[in-house]
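We have chain A already, so just place chain B with the ligands on it with the hints.
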Amino acid sequence: MADYIPSMDLIEPASKGETWAVARLISRAEANMSEVREAIGEIYRRAGNAHVIGLTGVPGSGKSTMVAKLVHKLRAAGRRVAVVAIDPSSPYSGGSILGDRIRMSDLALDRDVFIRSMATHGSVGGMAHAALDVVDILDIAGFDKIIIETVGVGQDEVEIANASHTTVVVSAPGLGDEVQAIKAGILEIADIHVVSKCDRSDSNKTMTDLKSMLRDGIGHGVQPNWRAPVIGSSSFQEEGFDELVAAFDKHLESLEGEPGRARREQISSFRLRKAAEALMLERFEAQSDFDGAATDVAARTVDPYSAAETLVRNFSSEASS
Amino acid sequence: MAAPIRVLLAKIGLDGHDRGVKVVARTLRDAGMDVIYSGLHRTPEEVVSAAVQEDVDVLGVSLLSGVQMTVFPKIFKLLEENRAKDMIIIAGGVMPDEDVEELKKMGVAEVMLQDTPPQKIVDTLRELVEARGVR
Ligand SMILES: Nc1nc2c(ncn2[C@@H]2O[C@H](COP(=O)(O)OP(=O)(O)O)[C@@H](O)[C@H]2O)c(=O)[nH]1
Ligand SMILES: [Mg+2]
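Here the protein sequences come in this chain order: A and B.
Taking the UniProt record's numbering, the leading residue of the first sequence gets 1, the next gets one more, and so forth.
Taking the UniProt record's numbering, the leading residue of the second sequence gets 1, the next gets one more, and so forth.
Bear in mind the hints are in silico, worked out from the structure with no lab data behind them.
Quick reminder that beta carbons are idealized off the backbone N, C-alpha and C, glycines included.
Some clues are possibly wrong.
What follows is a set of in silico ranges between Cβ atoms, one per label pair, in the way DEER data are often shown [unchecked claim]:
id: 1; chain 1: A; residue 1: R46; chain 2: B; residue 2: K85; range: 26 to 34 Å
id: 2; chain 1: B; residue 1: E130; chain 2: A; residue 2: R45; range: 29 to 37 Å
id: 3; chain 1: B; residue 1: D123; chain 2: A; residue 2: N225; range: 57 to 65 Å
id: 4; chain 1: A; residue 1: K211; chain 2: B; residue 2: E45; range: 38 to 46 Å
id: 5; chain 1: B; residue 1: E130; chain 2: A; residue 2: S268; range: 50 to 58 Å
id: 6; chain 1: B; residue 1: D123; chain 2: A; residue 2: E12; range: 33 to 41 Å
One-sided and incomplete, this derived list gives chain A residues near chain B with beta-carbon spacing under 10 Å [to be verified]:
id: 7; residue: Y92
id: 8; residue: G94
id: 9; residue: Q155
Excised from the complex, chain A in its bound form:
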């Protein structure tokens, strides 16, 4: 196309906060086009200033409504805020209906707020990978607080929440189990617990259960110098948000020095692993004998494990030659 703007040329306008350039870089990062990789590398080296907050919890727990309220609070404190709202794709068609934005529609005209919807299967080359590239793009665009909303089920989503600086796990009353995070196995990743919908009378039970679990030593998070607090909130009555924003700041402070270094290292080794996985898989599948091996496995003349072993052996000797 004649008017294709190279990704490297989008970095300057994006870092001045020009919405169209930020948005286009995000699309290309999601599509994992080879043309964008150099730019993503440059962006990574420039990023690292934003506070990244992962917010997770089961569908319907009130995350998107909460994010809208949070953004207002953070804006009132003078922050520029970006939201990455990730929703699951249909396992049948690979398509999705991304509805989080509806709950945030009163933020549409604020130039210092950027909201982007992503589908779990929308990104070519791995969800977690792409989402963190998107965070870097928003980071160089000057957003101070970047909130990633993910559904707290599924490996990718949990990994993303875990790859942020501050992880918030939302539990809500009235969804069956008292604390849904237990079943989903995401209680331990919380730096901050929120019980949403505290305008409902049954929220007391959720609150009590969560607190007693923490007393029993479950769900404190993984950071030695931090104990995850439990905060009750109601988006309908706008309660609990001052406390929540204060907890964000406190947790960020707790990351100063050694804990922050450990966290950054954990995140960067995660990203390195993801990048290596994606690259190896891509090269592995591009091997000339991959299709032949698949045919042999289909004919059951060879088992998948042995075929893979042969491919890996060829792959590594190819790489070192």
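What follows is chain B with the ligands alone, placed relative to chain A:
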């Protein structure tokens, strides 16, 4: 694997019905597209702002209230201001034939009247995105 086609479906104006849009949203999802729905009663400014942030391939605007001849010029002006002229704009709903002609002159890629078969919508979107090429 190519990235799925991204679509924003928007309702502008006072019209309070969204059953039709929701049916279209599901059709497009089932065809493998990522569909963002704006909710009811949006303004052109809100819709364009969302569409630009989401960098959608296609913006589908549905209106039943006969305001298309004032809404679409506004949308095109906003897209221009936001450097998003390569976005494919589709109009949906009910409108007289002479308006359809007028909208196409303005730059609306396709007008999908209320009785357009679902598969036709899917095919049209795919063709339009394909014709636009990589961006
Ligand atoms: N009672 C009550 N309901 C809420 C509150 N926040 C959200 N909800 C409702 O919970 C449902 C799911 O909200 P949503 O924000 O979409 O949840 P998400 O799926 O976790 O993003 C909606 O019907 C909301 O109206 C709240 O503070 N109190
Ligand atoms: Mg949501």
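Hint by hint, here is what the structure shows:
no.	hint	verdict
1	A:R46 - B:K85: 26 to 34 Å	28 Å, holds
2	B:E130 - A:R45: 29 to 37 Å	35 Å, holds
3	B:D123 - A:N225: 57 to 65 Å	58 Å, holds
4	A:K211 - B:E45: 38 to 46 Å	45 Å, holds
5	B:E130 - A:S268: 50 to 58 Å	39 Å, violated
6	B:D123 - A:E12: 33 to 41 Å	39 Å, holds
7	Y92	7 Å, holds
8	G94	5 Å, holds
9	Q155	19 Å, violated
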